[in-house]
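Enquirer: Got chain U sorted already, so can you dock chain R onto it with the hints?
Chain residues, written in single-letter form:
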Amino acid sequence: MGSPGVYAGAANVIAALMLLLEFGMLRQALIRDQVRLYATQSALISVLAIVIAADRDLPDLYALAALSALLKVVAVPLVLRRLLGRPISEETPGVAGSYTLSPASAVLIAIGLAAFGFFSFGSLGIHNPEAPATALAIAGAMVFVAFGLMIVRRDVASQAIGFFSLENAISLSALVVAAGLPLLLETAFLFDLLLAVVVFGMLIRAHHARAESLSTADLTKLRG
Amino acid sequence: MLGVMLALLVVPLIAGIVCFLGPARPAAGLTVASGIACFGLVLALIPEVAHGTVGYLSYLRADALSGVFLLATAFLYAAVAVYAAGYLHGRTDVYRRRFYLGFNVFAWAMLAAPLMGSLALLWIAIEITTVVSALLVAIEDTDGAAEASWKYVLIASAGLGLALLATIFAYYAGAQVLGVHSNLAIGPLIQAGGRLPATPVRLAFLLAVLGYGTKVGLFPVHTWLPDAHSEAPTPVSALLSGALLATSFYAILRFYQVASAALGTGFPRDALLAFGIASLLLASLYVFGQRDVKRFLAYSSVEHMGILAIGVSFGAPIALAGVMLHVLAHAAAKGNAFMGAGVFTIKYRTKQMLAMRDGLDRLPWSGPLFLLSVLALSAFPPSGIFRSEFQIVAGGLSSGSYVAAAALIVLVTVAFFGLATSATGMLLTSPPEPSAEVPARGEPSAWMVVPVLAGVAVLVLLGVHPPGELTELITRAAAQLGGTA
Chain U
10 MGSPGVYAGA
20 ANVIAALMLL
30 LEFGMLRQAL
40 IRDQVRLYAT
50 QSALISVLAI
60 VIAADRDLPD
70 LYALAALSAL
80 LKVVAVPLVL
90 RRLLGRPISE
100 ETPGVAGSYT
110 LSPASAVLIA
120 IGLAAFGFFS
130 FGSLGIHNPE
140 APATALAIAG
150 AMVFVAFGLM
160 IVRRDVASQA
170 IGFFSLENAI
180 SLSALVVAAG
190 LPLLLETAFL
200 FDLLLAVVVF
210 GMLIRAHHAR
220 AESLSTADLT
230 KLRG
Chain R
62 MLGVMLALLV
72 VPLIAGIVCF
82 LGPARPAAGL
92 TVASGIACFG
102 LVLALIPEVA
112 HGTVGYLSYL
122 RADALSGVFL
132 LATAFLYAAV
142 AVYAAGYLHG
152 RTDVYRRRFY
162 LGFNVFAWAM
172 LAAPLMGSLA
182 LLWIAIEITT
192 VVSALLVAIE
202 DTDGAAEASW
212 KYVLIASAGL
222 GLALLATIFA
232 YYAGAQVLGV
242 HSNLAIGPLI
252 QAGGRLPATP
262 VRLAFLLAVL
272 GYGTKVGLFP
282 VHTWLPDAHS
292 EAPTPVSALL
302 SGALLATSFY
312 AILRFYQVAS
322 AALGTGFPRD
332 ALLAFGIASL
342 LLASLYVFGQ
352 RDVKRFLAYS
362 SVEHMGILAI
372 GVSFGAPIAL
382 AGVMLHVLAH
392 AAAKGNAFMG
402 AGVFTIKYRT
412 KQMLAMRDGL
422 DRLPWSGPLF
432 LLSVLALSAF
442 PPSGIFRSEF
452 QIVAGGLSSG
462 SYVAAAALIV
472 LVTVAFFGLA
482 TSATGMLLTS
492 PPEPSAEVPA
502 RGEPSAWMVV
512 PVLAGVAVLV
522 LLGVHPPGEL
532 TELITRAAAQ
542 LGGTA
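Just so you know, the protein sequences line up as chains U and R, in that order. Going by my numbering, the letters in the first sequence line up with residues 10 to 233, in that order. Going by my numbering, the letters in the second sequence line up with residues 62 to 546, in that order.
No false leads were slipped in.
Partial selection, computed: residues in chain R whose CB lies under 7 Å from chain U:
id	residue
1	195
2	210
3	222
4	241
5	244
6	288
No lab work stands behind these hints: they were computed from the structure. Cβ coordinates follow ideal geometry from the N, Cα and C atoms, glycine included.
Next up, chain U with everything else stripped away, as it sits in the complex (with noise of 0.2 Å):
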């Protein structure tokens, strides 16, 4: 086998780039780091889009990663700091307590998590030029940790963030496996996440305001 070409060495970089993020993302107490864990990983999508659009010639791709970028970097943190930042950081600044297990056997078991996901979609067997197989593996692992992150932490914000950053990952595996999706479709795609996202923060704030903390601990009276 040769050596990867510019598009798929970029891909499989900017995805291990992206699975190190959501890494950071777990591991992070405070929420604003969080956030812009979140940002920086949403950026390297945009950037991705970018790459992707110059070798494959798909023009499409430059106006969905300028989209992408405007709402995921820019929109997406904007809402989720203004809905739950500036109030809860003045009491709260952050959320370390929401571990349900220790940040380390977290991390443990998302490593595990993460191999898991590295291997199974790696085994696909969904090989061809345009589809790097390596960069589609550590999408599912991306998949996987995202999973983790709103398994393992016990507060609303932080599984919010967990969602958001599985939208990436999927978002890492189309532009893997779908570039050539049409820009309608992806557009919509979009501005169904900034509808999620705008229902996340509101329910959010319900329960900020309800609970008087973020923490989901008491979420427990629906049993059976």
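Expert: This is chain R only, laid out in the frame that chain U set:
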């Protein structure tokens, strides 16, 4: 017919916006008018889609399969809109404006989903149902509603993330045959059939079952469902259970069509059988011992979604026709049951079944109607569910799936005992002490009885003699699912 389809995509949306921006008083009437108009529009569409496919480019598509789900949703939208007029009596104007905005937009998204011509647009419509219905679950502003809505939006959104991944792999598979500018249009993907690469299609189908299955309420991704159904306002619970679960199942069926065409029917049927049996087993056991009447009905919904999955896995034409009939009959029966349960919760001011006693006497209309609804859900003749389950079991036996058919019969019987025990306790048992506080005899509102009567009439019609046009629709939809139309 394009005009009818466009009208279906416009009427509920406009109704919702006008209800929110306009005065609160006419909102109920406007929503009822919108519900009835949509039901009429779907009825106008049925003769056309019972014999062929109508659509516009790759964006809009209506065929017999989508017609069945449109009919279930439109009927329930109209019936529950009438019910809501009574249920919301005494609520503030602000609450009613918010409720009717969400209610109409929720119905709009559910009506839009079966009209979408591509898997991508279908995903978007179903995602919209999630975000809107999560806000409707939260609208009661109680601790329970806040908890249920958070669990719902998080779990369902994560599930839909997997469904999006399924959509992306379906695109990848389609692009190998149809070119990179293919747009996930349903028709061409089914027609591409065996030319599609097997691995991405297999992965897409599994992810779709798991992802959309979260919204359907299939085990083990059903955990949001009892909470959301029990904490939502009752009209929303009725729509969630009778229409939303089925609409999400419709998305699985579209992936099933693609997967069956590409891989053959073995793998998709096995996957659905496993999820269906597990869901039915869980639900039939959990129906026992439920104390909250709406959680009790929610587990019944998991049971019926399991029956749908098992029915599709049998694959025989009669079983597939039974599945289509079951979608319609379950919408009517579960809508009725939730509407009846809503009357009980208002009358007794609690959702606890142990505190609801002597319902047959205290609620002269809603008591007997609730009993009929529960009997219908338990597949008593002459309800449509008896007919549909009979067809599904017959299909299982005719296709040689003897063990699965036997398991279906046993588990449905177990669920029947759970349903019957709890319902008869509510309806026929006297209060434990004569001095216990019992509400006065009478109905809270006639608006909350009329739609349930309509639902009973529909159930009997479906069970005894479905109209000819409907039978043609169901037969064609079953043929589409079976890959013969």
